[in-house]
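Each number in my numbering corresponds to the 1-based position in the sequence shown with 9 added.
Treat each hint with caution, since some may be false.
To be verified - Below, simulated DSBU-like cross-link-like pairs (lysine-lysine); rule was C-alpha separation at most 35 Å, straight line:
#1 K325 to K290
#2 K179 to K287
#3 K201 to K135
#4 K253 to K54
#5 K380 to K135
As the list claims (entries may be wrong) - Derived Cβ-Cβ restraints for the label pairs, each shown as a range:
#6 K179 to E139: 36 to 46 Å
#7 L51 to S121: 30 to 40 Å
#8 E139 to Y47: 43 to 53 Å
#9 K265 to G350: 29 to 39 Å
#10 Y47 to K106: 25 to 35 Å
#11 K179 to T371: 29 to 39 Å
#12 S206 to Y47: 22 to 32 Å
#13 K179 to H262: 28 to 38 Å
#14 T371 to P103: 50 to 60 Å
#15 H262 to D111: 17 to 27 Å
It is worth saying that the hints were derived from the structure and are not from the lab. Owing to the predicted nature of the structure, the values given are computational and were not obtained by experimental measurement. Where is the CB? At the ideal position from N, CA and C, for every residue including glycine.
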Amino acid sequence: MYAERQYVETQISALEQIMFTEQYADKVIERVLSEQPYWDLLKRKSFVTDTYNIIRWWRKLTVALNGDDNKSVLVWSIWGAYQLLSTSKVPDWPEFKSLDIDKLNNNLAQASIAQVNSYPDWLWQKASEELGEQWPLIAQGLNVPAKTYLRANTLKCSLSDLKTSLAQEKIECEHLPSSEALEVTQYGHLFKSQAFSQGWFEMQDAGSQQIAQLLEPKAGQRVVDACAGAGGKSLHIAALMQNKGYVLAMDIHQHKLDTLKKRAKRAGVHMLETREIKNSKTIKRLKDKFDRVLLDVPCSGTGVLRRNPDAKWLLKSENINALVSLQAEILQRYSQMCKPGGRLVYATCSILPSENQQQVQTFLANNTQFKLVEELHLQPGINSDFDGFYGAALERQG
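Could you build the full structure based on these sequences and the hints that come with them?
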């Protein structure tokens, strides 16, 4: 634990920005680290881990302090409660004089299950209704800090070459069997490594890596990633196709596609085109054009809460209702890009059936030319150590 005053003040400031001004945690943390070039690796790792953990357990910590909303308790007290409950120690500073671990534990003993697990009541209730007895286990799984996984770029290197190269820079990894994924077990300056500059890897959750594989893209095919974002899955698809064929990466945000272009150049991908979706005509013009269609649709992100714990406090019930409608619309309209005989994958990083299998079942009932051939359910705390993902592979009858 780094308890020097300046370090703690920096962390308090970051927490206030994230929790009270709705800035994304990863962006705030990235900015803080860039402003602290003299912090060693251990201090940087400690800052990231503790900041995410305090956000993750925010509600539990406020309840322990006998409050239950963002602004009823001082952030200094929340920081102190986190330290007391996790290490039994706090610095001997005036801000922590009133903290007592017995009082914290007594308050928690009277708390509700949603409070103890640090979820909003509405989300706990919704997930309970949709997932039943599985939800408490998944809820616990989503509270486990995310691990760091890399995807080896097989266009440029082998897994063993990547592992050896990183080890030379004191970054240790373990290979996950039957995959192109490496779990980082000893950290170093990943993004300053020679392997990164040469485009040998992308940082991508091992669960996320299974989505492109579900698509089963083949060299020489025409493939569209229609909700590409910054294109992690587009690049994986290109690697699976051995850089042979055509990948069209589409999104409504041009700035994300601009980022993808840079990533593709570094990765050595030369058969990928980007295209901004400006209106419904963009999709209509591509009817029946692709052998493979990936629809990694906008979703609640409930499957990646261990990686983005601030999303628990930003997400609203009405957001999910709007997303469910949008997902159904995208699946109906964009599926037209799939050729007869082609394969379409519908995917989310959600654990909610209303965004996943229920969407697919409704679509299949209304589109009998498609049939379900394979399904992927990755549920933290149940069957996965990775983030939560859903994928459904559908084939269009010839």
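Each hint, compared with the structure:
The straight-line distance between the Cα atoms of K325 and K290 is roughly 31 Å, inside the 35 Å bound, and the hint therefore holds. Of the supplied pair hints, the one linking K179 and K287 is violated, its CA atoms being roughly 45 Å apart against a limit of 35 Å. The straight-line distance between the Cα atoms of K201 and K135 is roughly 42 Å, outside the 35 Å bound, and the hint therefore fails. Restraint check for K253 and K54: the C-alpha separation of about 39 Å exceeds 35 Å, so the hint is violated.
Between K380 and K135, the direct Cα distance comes to roughly 29 Å. Compliance with the 35 Å bound is thereby established for this hinted pair. Separation of K179 from E139 is about 44 Å and conforms to the stated range, judged on CB atoms against 36 to 46 Å. Between L51 and S121 the beta carbon distance is about 37 Å. The supplied range of 30 to 40 Å therefore holds. Between E139 and Y47 the C-beta distance comes to about 47 Å, which sits within the given range of 43 to 53 Å.
In this structure the hint that K265 and G350 lie 29 to 39 Å apart at CB holds, the actual value being about 31 Å. At about 31 Å, the beta-carbon gap between Y47 and K106 stays in the expected band of 25 to 35 Å. Between K179 and T371 the Cβ separation comes to about 51 Å, which falls outside the hinted range of 29 to 39 Å. Roughly 23 Å separates the CB atoms of S206 and Y47, a value that falls within the hinted 22 to 32 Å.
In this structure, K179 and H262 meet the distance hint of 28 to 38 Å, their C-beta atoms being roughly 37 Å apart. Evaluation of the 50 to 60 Å hint for T371 and P103 yields a pass: the beta carbon distance comes to about 58 Å. Judged by the Cβ atoms, the range 17 to 27 Å given for H262 and D111 is violated: they are separated by roughly 50 Å.
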